[in-house]
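Chemist: Sequence:
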Amino acid sequence: MAYIQGHAREQMLLIPASVEDYVGAENPVRFIEAFVDDLDLAAAGFARAMPKATGRPGYAPGDLLKLYLYGYLNRLRSSRMLAAETGRNLEVIWLLRGLRPDFRTIADFRCDNRVAFKAVFRAFVLLCRRLDLFGRELLAVDGTRLKAVNSRRRNFTRQKLADWIKLADERIEEYLTHLDRADRSEVEADGAAQRAATLRAKIARMRERLQMHTTMLADLVASGESQVSLTDPDARGMATHPKVGVGYNAQVAVDAKHKLIVEQHVTNAGSDLGLLAQTAGAARELLGVERIDAVADKGYYKGEDIAACDEVGVIPYVARPQRGAAVFAGRFAKDEFTYDAAGDFYRCPSGHRLDPLQRSEKNGHRSIYYSNRPACRGCPLKPQ
1 MAYIQGHARE QMLLIPASVE DYVGAENPVR FIEAFVDDLD LAAAGFARAM
51 PKATGRPGYA PGDLLKLYLY GYLNRLRSSR MLAAETGRNL EVIWLLRGLR
101 PDFRTIADFR CDNRVAFKAV FRAFVLLCRR LDLFGRELLA VDGTRLKAVN
151 SRRRNFTRQK LADWIKLADE RIEEYLTHLD RADRSEVEAD GAAQRAATLR
201 AKIARMRERL QMHTTMLADL VASGESQVSL TDPDARGMAT HPKVGVGYNA
251 QVAVDAKHKL IVEQHVTNAG SDLGLLAQTA GAARELLGVE RIDAVADKGY
301 YKGEDIAACD EVGVIPYVAR PQRGAAVFAG RFAKDEFTYD AAGDFYRCPS
351 GHRLDPLQRS EKNGHRSIYY SNRPACRGCP LKPQ
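Numbering (our numbering), first residue to last: 1 to 384.
Check before you lean on any hint, since a few could be wrong.
Claimed, not checked - Pairwise CB distance ranges (calculated):
no., residue 1, residue 2, range
1, Arg331, Val115, 49 to 57 Å
2, Lys52, Gln159, 52 to 60 Å
3, Gln159, Gly313, 15 to 23 Å
4, Arg158, Pro51, 44 to 52 Å
5, Glu137, Lys298, 18 to 26 Å
6, Glu137, Glu26, 42 to 50 Å
7, Gly378, Lys298, 31 to 39 Å
8, Phe345, Gln264, 26 to 34 Å
To be verified - DSSO-like mimics (lysine-lysine), calculated; alpha carbons at most 30 Å apart, straight line:
no., residue 1, residue 2
9, Lys52, Lys118
10, Lys118, Lys166
11, Lys243, Lys334
12, Lys259, Lys147
13, Lys302, Lys118
14, Lys334, Lys382
15, Lys202, Lys243
16, Lys243, Lys259
By construction, these hints were calculated from the structure, which means they are not laboratory data. Ideal Cβ positions, reconstructed from N, Cα and C, are used throughout, including at glycine.
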């Protein structure tokens with residue numbers, strides 16, 4: 001049986017008369033075209049939204065924005081890849097009407113219009129709201145870690161700097177001891193002078209680095225920050241995500257109806273604690289409702305943040321983490337014991353009453369020990 005064969009490259013074809021015929025009526029690029037053409041790019045903050053009367057004409061911001069939106073829709077994020085698509089992809093050729101900006105022009109456009117891109121996202125959310133694509137009843141909030149262009153070796157915490165300074169002092173003292181020994185044996189041994197010169201060079205380099213790290217620690221303490229990154233100053237170490245190492249924490253709030261992103265922002269916080277009210281509250285405001293439910297995982301469980309949700313019109317549903325060695329060992333958590341404030345006693349999971357047996361106070365912390373020895377002695381749940 002023969003294979004499916006392509007046509008000969010030399011064969012003459014009756015191709016469509018215009019590029020317009022290559023893009024179907026339901027193609028998503030037509031939405032990109034209509035959406036961008038409807039935007040007020042000057043109000044959004046795009047640079048060069050109005051062309052200058054003199055000088056060489058530049059690319060219209062709308063055309064470059066269309067190219068970026070097409071790239072995001074099709075997972076093409078590199079400026080070089082986008083530049084390549086302008087010459088070989090019929091959808092992009094249709095969208096840009098044959099324009100072929102180089103990769104530097106494409107990259108500079110995004111760099112010069114970071115804030116304006118946020119305004120475009122907001123305009124898209126408002127459009128989805130007008131089209132009734134949001135349920136506006138339930139949000140799901142979560143975060144993802146984005147790796148920065150900054151290695152762990154060029155990220156320093158206060159403790160890391162303090163440890164390095166201590167180690168540098170010890171190394172310098174060690175080098176000085178070796179240098180004194182080399183000076184004393186300079187006459188007796190061949191090559192002692194060369195070793196001494198090498199040690200002096202090491203001491204000079206170590207002192208230079210010591211001065212640099214001492215200055216970094218002083219600046220870090222003065223700024224009130226907990227970390228400093230040398231390559232990407234805004235990036236922070238993500239301790240709970242070793243694969244990311246140093247990076248950013250991107251927060252998103254998704255509407256439950258069609259799984260559309262309502263709110264997104266990027267922080268350098270190492271965890272999700274304290275970010276629920278901020279993210280869900282901004283999403284509620286965009287959706288234009290008085291109150292909305294929001295679900296999140298246990299990484300967001302923080303009492304102050306949950307209380308703040310009520311102030312911004314968000315009803316949070318957050319999984320409570322099970323902390324403590326006892327819980328991990330398979331024993332009951334504290335919230336499985338019910339407290340009766342009127343009688344000042346606890347009801348254990350087996351239903352027995354636990355009365356206060358012993359009270360103590362240490363370092364201003366008051367502890368009360370509740371027990372029911374007769375009931376506990378023969379209880380089958382005692383190991384838990």
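Chemist: Indicate, hint by hint, whether the structure satisfies it.
Modeler: Each hint tested on the structure:
{"no.": "1", "hint": "Arg331 / Val115: 49 to 57 Å", "in the structure": "52 Å, holds"}
{"no.": "2", "hint": "Lys52 / Gln159: 52 to 60 Å", "in the structure": "53 Å, holds"}
{"no.": "3", "hint": "Gln159 / Gly313: 15 to 23 Å", "in the structure": "40 Å, violated"}
{"no.": "4", "hint": "Arg158 / Pro51: 44 to 52 Å", "in the structure": "51 Å, holds"}
{"no.": "5", "hint": "Glu137 / Lys298: 18 to 26 Å", "in the structure": "23 Å, holds"}
{"no.": "6", "hint": "Glu137 / Glu26: 42 to 50 Å", "in the structure": "29 Å, violated"}
{"no.": "7", "hint": "Gly378 / Lys298: 31 to 39 Å", "in the structure": "35 Å, holds"}
{"no.": "8", "hint": "Phe345 / Gln264: 26 to 34 Å", "in the structure": "49 Å, violated"}
{"no.": "9", "hint": "Lys52 / Lys118", "in the structure": "25 Å, holds"}
{"no.": "10", "hint": "Lys118 / Lys166", "in the structure": "45 Å, violated"}
{"no.": "11", "hint": "Lys243 / Lys334", "in the structure": "34 Å, violated"}
{"no.": "12", "hint": "Lys259 / Lys147", "in the structure": "25 Å, holds"}
{"no.": "13", "hint": "Lys302 / Lys118", "in the structure": "28 Å, holds"}
{"no.": "14", "hint": "Lys334 / Lys382", "in the structure": "14 Å, holds"}
{"no.": "15", "hint": "Lys202 / Lys243", "in the structure": "34 Å, violated"}
{"no.": "16", "hint": "Lys243 / Lys259", "in the structure": "27 Å, holds"}
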